Structures are given as structure tokens and as C-alpha cells.
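Enquirer: Construct the complete structure from the given sequences, taking the supplied hints into account.
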Amino acid sequence: MLIRKKRGNFLEDFHVGQLFRHKVGKTVTEGLFNAFTEFGMTTNPLCKNLRYAQRYGFRGLIAPPGLVMNLVFSQSVEDISENARANLEYRDMRFGAPVYMGDTIEVETTIVGVQPSSREPDRGVVHVQTNGRNQNGEVVLSFQRKVQVWKDNAAAKIATAALPEVPAIPCNLVLPAHEASRRYAELAHLTNADTYFEDFTPGDTIEHSRGRTVTTAHMALTAMLDNTSQVHSNQYLIDQNPQKYIGGQLIVYGGIPFNLCLGLSCPDVGDNALGDVCYVTGRHTGPVFVGDTVFASTEITGKRDYSGRPDLGIVATILRGHKFVRKSEAWEKMEIFYLEREMAVKRRSYYA
Amino acid sequence: MLIRKKRGNFLEDFHVGQLFRHKVGKTVTEGLFNAFTEFGMTTNPLCKNLRYAQRYGFRGLIAPPGLVMNLVFSQSVEDISENARANLEYRDMRFGAPVYMGDTIEVETTIVGVQPSSREPDRGVVHVQTNGRNQNGEVVLSFQRKVQVWKDNAAAKIATAALPEVPAIPCNLVLPAHEASRRYAELAHLTNADTYFEDFTPGDTIEHSRGRTVTTAHMALTAMLDNTSQVHSNQYLIDQNPQKYIGGQLIVYGGIPFNLCLGLSCPDVGDNALGDVCYVTGRHTGPVFVGDTVFASTEITGKRDYSGRPDLGIVATILRGHKFVRKSEAWEKMEIFYLEREMAVKRRSYYA
Amino acid sequence: MLIRKKRGNFLEDFHVGQLFRHKVGKTVTEGLFNAFTEFGMTTNPLCKNLRYAQRYGFRGLIAPPGLVMNLVFSQSVEDISENARANLEYRDMRFGAPVYMGDTIEVETTIVGVQPSSREPDRGVVHVQTNGRNQNGEVVLSFQRKVQVWKDNAAAKIATAALPEVPAIPCNLVLPAHEASRRYAELAHLTNADTYFEDFTPGDTIEHSRGRTVTTAHMALTAMLDNTSQVHSNQYLIDQNPQKYIGGQLIVYGGIPFNLCLGLSCPDVGDNALGDVCYVTGRHTGPVFVGDTVFASTEITGKRDYSGRPDLGIVATILRGHKFVRKSEAWEKMEIFYLEREMAVKRRSYYA
Chain A
1 MLIRKKRGNF LEDFHVGQLF RHKVGKTVTE GLFNAFTEFG MTTNPLCKNL
51 RYAQRYGFRG LIAPPGLVMN LVFSQSVEDI SENARANLEY RDMRFGAPVY
101 MGDTIEVETT IVGVQPSSRE PDRGVVHVQT NGRNQNGEVV LSFQRKVQVW
151 KDNAAAKIAT AALPEVPAIP CNLVLPAHEA SRRYAELAHL TNADTYFEDF
201 TPGDTIEHSR GRTVTTAHMA LTAMLDNTSQ VHSNQYLIDQ NPQKYIGGQL
251 IVYGGIPFNL CLGLSCPDVG DNALGDVCYV TGRHTGPVFV GDTVFASTEI
301 TGKRDYSGRP DLGIVATILR GHKFVRKSEA WEKMEIFYLE REMAVKRRSY
351 YA
Chain B
353 MLIRKKRGNF LEDFHVGQLF RHKVGKTVTE GLFNAFTEFG MTTNPLCKNL
403 RYAQRYGFRG LIAPPGLVMN LVFSQSVEDI SENARANLEY RDMRFGAPVY
453 MGDTIEVETT IVGVQPSSRE PDRGVVHVQT NGRNQNGEVV LSFQRKVQVW
503 KDNAAAKIAT AALPEVPAIP CNLVLPAHEA SRRYAELAHL TNADTYFEDF
553 TPGDTIEHSR GRTVTTAHMA LTAMLDNTSQ VHSNQYLIDQ NPQKYIGGQL
603 IVYGGIPFNL CLGLSCPDVG DNALGDVCYV TGRHTGPVFV GDTVFASTEI
653 TGKRDYSGRP DLGIVATILR GHKFVRKSEA WEKMEIFYLE REMAVKRRSY
703 YA
Chain C
705 MLIRKKRGNF LEDFHVGQLF RHKVGKTVTE GLFNAFTEFG MTTNPLCKNL
755 RYAQRYGFRG LIAPPGLVMN LVFSQSVEDI SENARANLEY RDMRFGAPVY
805 MGDTIEVETT IVGVQPSSRE PDRGVVHVQT NGRNQNGEVV LSFQRKVQVW
855 KDNAAAKIAT AALPEVPAIP CNLVLPAHEA SRRYAELAHL TNADTYFEDF
905 TPGDTIEHSR GRTVTTAHMA LTAMLDNTSQ VHSNQYLIDQ NPQKYIGGQL
955 IVYGGIPFNL CLGLSCPDVG DNALGDVCYV TGRHTGPVFV GDTVFASTEI
1005 TGKRDYSGRP DLGIVATILR GHKFVRKSEA WEKMEIFYLE REMAVKRRSY
1055 YA
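So the protein sequences, as listed, match chains A, B and C. For the first sequence, the residue numbers in this note's numbering are 1 to 352. For the second sequence, the residue numbers in this note's numbering are 353 to 704. For the third sequence, the residue numbers in this note's numbering are 705 to 1056.
It should be emphasised that the hints constitute simulated quantities derived from the structure, not laboratory data. It should be emphasised that the depicted structure is a prediction, and the values quoted were computed from it without experimental measurement. C-beta atoms are modelled at their ideal positions from N, C-alpha and C, and glycine is treated no differently. Where hints are given, some of them may not hold.
What the hints assert, rightly or not - Below 25 Å or equal to it, Euclidean Cα-Cα: the simulated DSS-like pairs (lysine-lysine) are: (1) C:K1031 / B:K596; (2) C:K710 / C:K948; (3) C:K1037 / B:K358; (4) B:K357 / B:K509; (5) C:K1037 / B:K357; (6) B:K596 / B:K358; (7) B:K498 / B:K358; (8) B:K596 / C:K1037; (9) A:K303 / C:K709; (10) B:K685 / A:K244; (11) C:K948 / C:K861; (12) B:K685 / A:K5; (13) B:K679 / A:K244; (14) A:K6 / A:K157; (15) C:K1031 / C:K948; (16) A:K6 / B:K685; (17) C:K1007 / B:K357; (18) C:K1007 / B:K358; (19) A:K327 / C:K948; (20) A:K5 / B:K655; (21) A:K333 / C:K709; (22) C:K850 / C:K861; (23) B:K358 / B:K509; (24) A:K6 / A:K244; (25) B:K596 / B:K509; (26) B:K357 / B:K596; (27) B:K503 / B:K357; (28) C:K710 / A:K303; (29) B:K596 / B:K498; (30) C:K709 / C:K861; (31) C:K948 / A:K333; (32) A:K333 / C:K710; (33) A:K244 / A:K5; (34) A:K6 / B:K655; (35) A:K157 / A:K5; (36) C:K710 / C:K855.
Unchecked claim - Residues from chain C shown here face chain A by an in silico Cβ test under 8 Å; the list is partial: (37) M705; (38) I707; (39) K709; (40) R711.
Expert: Below is the structure:
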């Protein structure tokens, strides 16, 4: 008998309230940590300098937010989005316990809503809530997302349905306490002098100076994350039916520019953050292909106290990614990524 | 004086009974482990989830069979096949002790036979027996291979010769005992529910759903394995004499599709295996180049008990790799890899 | 307000005597160690075989000189050469304590001289002294370099200036003592038999047999080293003004061929070295682009005793890198790298 096993789920396979405990799980080796942290050009010493991370009370280098997000997200891909057309929105993504090398992350997802497309009979939207936990059961990340998924059978009847409310998963940033005895100022030269809480002014927009061109290395990074979506790495699939796929070519997995935009912004807004707290909403507003050069900017939208932590403040921002597309002789700027991002940022008065 | 050192051996350098203790040796860093395990898309949690591997009685993540094979094989390349035209056959490849991160692997090879080509005066076949051991002297892999090697001097006279028999190297799969107290079923959600011993039916063929396109990253992976064969990474060499080389271009090192086919098959046949036991025979039946998309299928050829392990059974299979080649407007399927593979697979009745 | 932060410094930002304590710092993960050590094809077992490294008295695998150089150099890029046009010369590069996985390297640089170009009003040369230290404060590398840097404002007035002398940083190769009780000869088969001190003859030139083609993977390696120079990875920048940049395309970061030439030479001159002692001078004599195949040769220029170490000798060499460029139908050899290199090499009489 010839067997073609279906991998991943289609729109008609999801029902509201369904819980997926995702397969495999993932131990963060030093190889994975290095590959993903470095390709993004993160400059926060908490992720790169063990002496600094330990001085701050962490027990080792901590994974940058782009790696935490990608680790948890990717574990959910086979069950939720291997047969997706597009990831529509991230929502209420909150960070919890820090992720260290050697940690093992396992992930589960609840189906919150299912909605068939009113215009296109072959697809619809699934709304999910996903959480990742480490080997001690601590939540490291919690988020919702909405994803557009193909039907396996376009004729399948699907009713719109939703849970009365999205399950609440406690997930709050875990940070070591501030202790003056740690003499943080001795290491202040390892970060920029103008990225403390006091330095940000709501209304300002910072154009980050660096850009990075995307190469075919995106495929190795995507595999490294266990992301099995075929539109990122199966050229033959695309060649059979290019008009079905965005851009008619392999598309770069969104977690790659997500991580890259976080990294490109880091020297200007992130190297004195102790952690990212929450991504209120986010979406990929344009596709990325091999050869594109990714840039980023950060708009400061607000500042507020961090409850219980006088040494820190919350900086609210919008992180945008963009690329330039050649139109005849001119280059046109195209937005590719939008993220409402809140960070826990050190106050200079406590640390420098 | 200008010195051009010869690297590797040519057909006339081999004699029957000769023992090569290969140079350098290789410690498995977390970087190597990650790069090679992940590029292959292995989904067996023993290789990816430390919590799961420890629950099963392993002391850490274990290298997937494709990495073990590549580690040992590649250490033998400089001495045996740096000057090879093609690798003809793997034979009786048996797995022994598991390979962990931090292990150091050293390798030796005995020349079993030498046979000049009857039609082509510039080449011949060498038959070898190769073993890899860890730092404790335990054999981790043993195999024979036949490789077609160039002569350095086409006029060299070479007699056909062979050892009376291939040296027998004890090498049997080392597995932790089954212990009911480990409550394996608690982690059963981390693997597929339909890949236990009971699920396989001889005669079935499973077409694995995923494909992966090969990029120039193959060169970094090949270097990472210490494989020094120039046909994988020296474009200038090819450009000097393209008609000498298969396809007239850089050819992807066979260990890359070998590992990839094992990984592509993993979610359908390998994620509930505790290990690969033996590859009876195997060969690369077609070349792979950058841009090819690799697919795999598994034919179930037999099932039998695993002596002394009622919790396991042996599943005998043929793992095939293929790609599609465009011929004018149509795509033609071409086999690239053939491997007779036996796995030690968990019985559902003991584990789920 | 729209803010465009300047990154890196321009010629007018440097003044003689200025000290930069470079930001971030770098812990050598097993991922970084593997990626960089392996891409270079180093064959020294001290960098690859833990059993061998420990037998020699090291506490772990040691970073090859190409990785040490790249680690320290790259930490200085943002402050010194992010806005450089070209790196002109390395000088008096000396190695100190070995670098192990897990070490954290921090770097500082003193500005030794500044000299505006007499012909080109938009650039000039900065002469610097750079040192890297590990977490224990031990110097692991010290070197000077001269780098051609753009002005931010071509009209800026800059005076030629220099320190009366270059600061002297004690930095000498730290090696475990020779102890006969270690029975080194038991492991002599792991290195070549013809690369001991006794084997080298001043005046000889060795053409190393292997070549390696450079792929777009250079960009991931460059990011992994924290090298932020945009000419290696920002295609859009180049496309805006190709005639401004060497070759009119992305240029491969010099540390890549530097490391590669060291590795390509290793089986012929480096696998029985306990360390590189000093690079008297070095420079990139030609550019490297994706698709080029890099080769290397070593000229033996001298031999002498190693003071206090009768088991070792110093071998002085010139390491050259080259590539071939197609000119109509012919291929022309072009030098790309020149390095005066002194190594501490084992004497056969003590080790084999």
C-alpha cells in the first residue's frame, strides 16, 4: 500500500477549545543559541557576555527575545500552521522566565477561534493561544496569533466559532532584583551611554543605521527552529504552482526578519533593556525574499514606571521593519514588519 | 624548493591489510551537534529534548544516526577518499554506543580489497572496513565501504587482491534497559501516535511529505565534518576540467542527502525508534547539486522481534531519496539514494 | 523628532591617546567555536580533539589562532572601523593565554596615530593598538593595525599626530610545560609525521593542496563575530553607490580569508604547532568576493630556538593567500593575503 501521511492540520481539522501538546520539544544547545542570537546582531551584553549577565544576577547568558519567540512559535508550526497561507497577527505576546542554554522548552496551544473566509472558499482564519514552558514548568512565553490556513477540502463546511474568552495564562517577566552591591556601573562601558530610560522621548523615531541582506542561510535557520512550513524551504513545491504562493518564490520565514529587526534596533533602544515585557500586537506587513536588505526603525510611543521596580521603567515603542524595492530606476521603501513593543529599561540613576 | 604535498592516497598507495589510524579526531561540540542534527530535520526527541532523553535513561541528547555516520565516515576521507571519483557502496553499517555532545571520536580503517578497473586504466575500487570509537574505547559505528579511487599515475601496475575475510568488529546497539518505573507514557505526546512497532505493515511504502532544497550551506556542513574531498568545495578545481567531474559542477557530499533522507523520514518512521541498528547496504544512486529539492520514501520490508528486548521490535525498511529533474516542460523523478535500514522501534504496549 | 544615530567613528572623531573600551564583549559559546574553527578547515587536534588537548595539558579545546584574532579584532570594529574604507596593515600581533570555550573576551584600543590623506580629502589613516583579555584579565591577543577611515565631513581639518611610542602590552604565548610522563608519542598518529620542527627548511615554499570556494555564508560568519562593517552585508548600501566600494559589490570581511589561509596551511605546517607566537606584519593584498576559491602557500623564512623550551622551536614563515581570476580565456593568479607568521612547533625528538 502506498501511504501519503498528511502533516500538519487544515482548517477543517481545528475545533474551538482543542488543546495541542506539541511534539518533540527543544533543548537550547549552545549551537542553536549562537546561530540565532548572532545572525540577528543583538548587542545586549546579557545575551553575549557571561561576566556581565552574571553580574546582573542571571545564571548564564540569556536568550534574546527574538530567540525565545522563535523557539516557542516554531514548536507550534507543525500542528497549527504547516498548511498556512499567511501568519496574520501576533497578539499579547508576553515574556516570562529567562531562557538559558541547556533549557528544554515544550509548547502547547489552545484553539480559541475558527472563522472560514467569506470570500475565499478554500481558506479561513484560526485564532490560537500558545505557551512555552521550560523543564521546571515555568512559562517563558505566552501569545496569541491569528493565522490564515488552507482547507484540505475546499468544499468542507465550517462554522464560525470562538471561545467566550481567551484563556488567561499568567506570564510575567522574571528579573533578578536590583542590588546596589553588584556595582553595575563598573560594567557600564559595555553598553551605550544613551539608551537608558531617561534617554527616550515619546514622539521620537529612531532610524537604526544598519541593514542586513538576507541570504539562503534563512533555510538553515528555519530548519534549526524546527519550522516545517514548506513554503520556506521546498523549491519544488513552489515550482509546481508559483502563482499560489506569495511572490511566486520561497518566502523567508517571518521569524527571521522578526529577530533581525529586534537585533538591528538593539544598539539604539535595546542594549540597556533587562528584557522585553510584551508585544501588544505585531504583523508581517510585507514579504521578505533572498536578496532583500532589512532595515528597522523604532518610534517611542510612551514611557511609564515599572511597578515595584524603581530601577527600571517601561518604554513603549513601535518597531518597524522595511526594505527597498527597485521600481524601474528608483528604490521604493516598503514596510515589512510592525510590532508594538514594550521593554523594561534600566534607569541611568541606578546603573551607570 | 617548491613543495606540493600530496594529500590523500591514490589507488596505487593502498595495499590489502593496511591499517590507517586516521588523523585529528573529533570532539562533538554543541555547535556541531546542533548544525548537523537540525539541518536534517530529525524529529526524534532523543536528539532534541533533554528531558525526554534522560527519562529514557540516556545521559544526554544523543546524536541522530546521520550525524554518527557522518562523524565517523568523514574522519576517514583524507586517507581513503580525498582522491575518490565516487563512493560506490556502504555495507554492514552497524551502530554501537550512543554518541553524546562532548564525546571524542577517533577512527581507523583497514584495507580489505583493491581492484583496478578492467575498462578504465586511471582508476579502481578500494574496499575498506572502518570503525569509530569514543574516548572510552567503545565502538560507536562500524562499516564497510567500496570507493572508486583515481590513480596518481595511470600507468601504475596494480594487482587485484583481497583479505580472505573482512575483519569482524563487535558493534551492537547499546540501549538503556526498559524500566516501567520510568513512566514513559507521560511523555508519549512528544512523538507521533502512529509510529510504534505495531503500526508498520510489511509491503507498505510511505511517501514522506516534506522536501528540502539544498543550498550552498552544504559546503559549510561538509567542512564542519572535516570532509576534505575537493569536489564538494573547490570551484576552481572543477572549472579547470568540468568534464572530469560528475555533472560538471560542485557535487554535494553524499553525507548531506544521507542525513537529510533520514531526517525527512523521521516523523513517519523514526521518532519512536530508540536507534538505528544496521544499514545492510546503501548507495548514492544519483548526484545532488545546489538547488535540488530532496524527498524521501520508506518501504517497510519486514518486522521481527528484537532478541532480549520484548519492549522493542526490529523494523526492516528501504529508505529511498529522490529529486525531480526538469526535462523540457515535465519534471522527472530521479532516485538519488538507496539504503536498507533496520531500526529498533518501541512497542506501543510498553511505552504509550 | 527623527533621529539618525551615527554608528562608529569617522576620521575627525579620533584623537591620539584616546582609549576605547569596546562595548558588549563576547563569550565563546560552543556554537561560535564550532562554526569558526570548522569553516577554516583547521586540522590541529588541539582545536578539535579534547583527548589530545588534555593530554597536552590544556584544560579544553583551544581556539585556533584565526578565531582568537577574529574575536578580538571584531570587538574593535564598531568603534574603529565601521566607517573604514580598507584595513591596511596588521602589525606585531602577539598571542597570549589560550582561549577556551566558555571564556569571555573584552577588548580595548588606544589611538596611536592619525594621518589625513595627502591626496584624498575625504579620508585618512588611523593607527591603533588593540588588546583582548579574558575573564581573568589575562591578555589573549595584542596587535596594532592601520586602517583607512572615511571622514564624516570631507571639509573637516585634521592634523597629523602620533604618540611618541606605541604602548607596550606584555603578551606572550602561554603554553603548558613539556612533561615526558604525558607519553605524547601515543597520540602522534593524530598529526602528520612530516610537520615537526626538524622537517622545515628555510627557503622552501609549500603550495597547500586544498582550495575552498567562498559562499554567502561569509555574512553569517561575519555577523557571528559582531563585525558590523556594512560593506560585508548591506547590499542596498552598495547598490546606492557601487563605484564607491571596492569591486562594486559586497566584499568579504578580511577575517574570513585570514582564517581560511591559516586553516588551509594547517596540515602542512600547523598541525604540530602548539601555538602561533606572532604575526610581524600582515595585509589583505587583494579583495575576496563570493564565488572566489581561496588557496594558500607557506614560505619557510627561518628557524630558531624557542627560549626556555628545548622541546619547541620557532618556525618563521610567510603565509600567502591567492585566488585565480578569469581574464578572457586564461586564469590569472592574484595574491589576496600576506602574513609574516611565527609558530611554536614541536620537535619530533620530544614528541614522536
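Enquirer: It remains to establish, for every hint, whether it holds in the given structure.
Expert: Quick rundown of the hints versus the structure:
Between C:K1031 and B:K596 the CA atoms are separated by roughly 23 Å; this keeps the pair inside 25 Å, and the hint holds. For a cut-off of 25 Å, the pair hint linking C:K710 to C:K948 stands: about 20 Å separates their Cα positions. At roughly 21 Å between alpha-carbon atoms, C:K1037 and B:K358 fall within 25 Å of each other, so this suggested pair holds. As the CA atoms of B:K357 and B:K509 are separated by approximately 23 Å, the hinted pair is consistent with the 25 Å bound.
Simply put, C:K1037 and B:K357 have alpha-carbon atoms about 20 Å apart, close enough for the 25 Å limit, and the pair holds. Proposed proximity of B:K596 and B:K358 is supported: the alpha carbons are some 20 Å apart, at most 25 Å. For the hint linking B:K498 to B:K358, the alpha-carbon distance of about 22 Å falls within 25 Å, and the restraint holds. Taking the CA atoms of B:K596 and C:K1037, the gap is about 22 Å. The hint holds against a cut of 25 Å.
Of the supplied pair hints, the one linking A:K303 and C:K709 holds, its CA atoms being roughly 20 Å apart against a limit of 25 Å. With a C-alpha separation of about 22 Å, the suggested pair B:K685 and A:K244 falls inside the 25 Å cut-off, and the hint holds. Proximity of C:K948 to C:K861 is assessed by CA-CA distance (about 22 Å); at most 25 Å being required, the pair is judged to hold. A distance of roughly 20 Å separates the Cα atoms of B:K685 and A:K5; the hinted pair therefore holds under the 25 Å criterion.
Restraint check for B:K679 and A:K244: the C-alpha separation of about 23 Å stays at or below 25 Å, so the hint holds. A threshold of 25 Å between alpha carbons decides the hint, and for A:K6 with A:K157 the separation of about 20 Å falls inside it, so the pair holds. For the hint pairing C:K1031 with C:K948, the CA-to-CA distance comes to about 23 Å; that is within 25 Å, so the pair holds. Proposed proximity of A:K6 and B:K685 is supported: the alpha carbons are some 21 Å apart, at most 25 Å.
Between C:K1007 and B:K357, the direct Cα distance comes to roughly 20 Å. Compliance with the 25 Å bound is thereby established for this hinted pair. About 24 Å separates the Cα atoms of C:K1007 and B:K358, which keeps this hinted pair within 25 Å; it holds. Using a Cα cut-off of 25 Å, the hinted pair A:K327 and C:K948 holds, with the two alpha carbons roughly 23 Å apart. Of the pairs offered as hints, the one joining A:K5 and B:K655 holds, with about 21 Å between alpha carbons and a cut-off of 25 Å not exceeded.
Distance restraint check for A:K333 and C:K709: the Cα-Cα separation of roughly 20 Å lies within the 25 Å cut-off, and the hinted pair is therefore satisfied. This hinted pair checks out: C:K850 and C:K861 have alpha carbons roughly 20 Å apart, not beyond 25 Å. Proposed proximity of B:K358 and B:K509 is supported: the alpha carbons are some 20 Å apart, at most 25 Å. Restraint check: the Cα-Cα separation between A:K6 and A:K244 comes to about 20 Å, which is no more than 25 Å; the hinted pair holds.
The suggested pairing of B:K596 with B:K509 holds, with an alpha-carbon distance near 22 Å, which does not exceed 25 Å. Of the pairs offered as hints, the one joining B:K357 and B:K596 holds, with about 22 Å between alpha carbons and a cut-off of 25 Å not exceeded. Taking the CA atoms of B:K503 and B:K357, the gap is near 16 Å; set against the 25 Å cutoff, the hint holds. Only pairs whose Cα atoms come within 25 Å are accepted, and C:K710 paired with A:K303 is accepted, the gap being roughly 24 Å.
Our distance criterion of 25 Å between C-alpha atoms is met by B:K596 and B:K498, whose separation comes to about 20 Å. Only pairs whose Cα atoms come within 25 Å are accepted, and C:K709 paired with C:K861 is accepted, the gap being roughly 23 Å. A threshold of 25 Å between alpha carbons decides the hint, and for C:K948 with A:K333 the separation of about 22 Å falls inside it, so the pair holds. Between A:K333 and C:K710 the CA atoms are separated by roughly 21 Å; this keeps the pair inside 25 Å, and the hint holds.
Note on A:K244 and A:K5: the hinted pairing holds, with a Cα-Cα distance of about 22 Å set against a maximum of 25 Å. Under the criterion of a C-alpha separation no larger than 25 Å, the hint pairing A:K6 with B:K655 is consistent with the structure, at around 24 Å. At roughly 23 Å between alpha-carbon atoms, A:K157 and A:K5 fall within 25 Å of each other, so this suggested pair holds. For the given pair, C:K710 sits about 13 Å from C:K855 by alpha-carbon distance, which is consistent with the 25 Å threshold.
The closest approach between the C-beta of C:M705 and any C-beta of chain A is roughly 5 Å, which is under the 8 Å cut-off, so the hint is satisfied. Hint status for C:I707 relative to chain A: holds, with the closest Cβ pair at about 5 Å, below 8 Å. Hint status for C:K709: holds, given a least beta-carbon distance of 5 Å to chain A, under 8 Å. The interface hint given for C:R711 is met, as the beta carbon of that residue sits about 5 Å from the closest beta carbon of chain A, less than 8 Å.
Of the numbered hints listed earlier, not one is contradicted by the structure.
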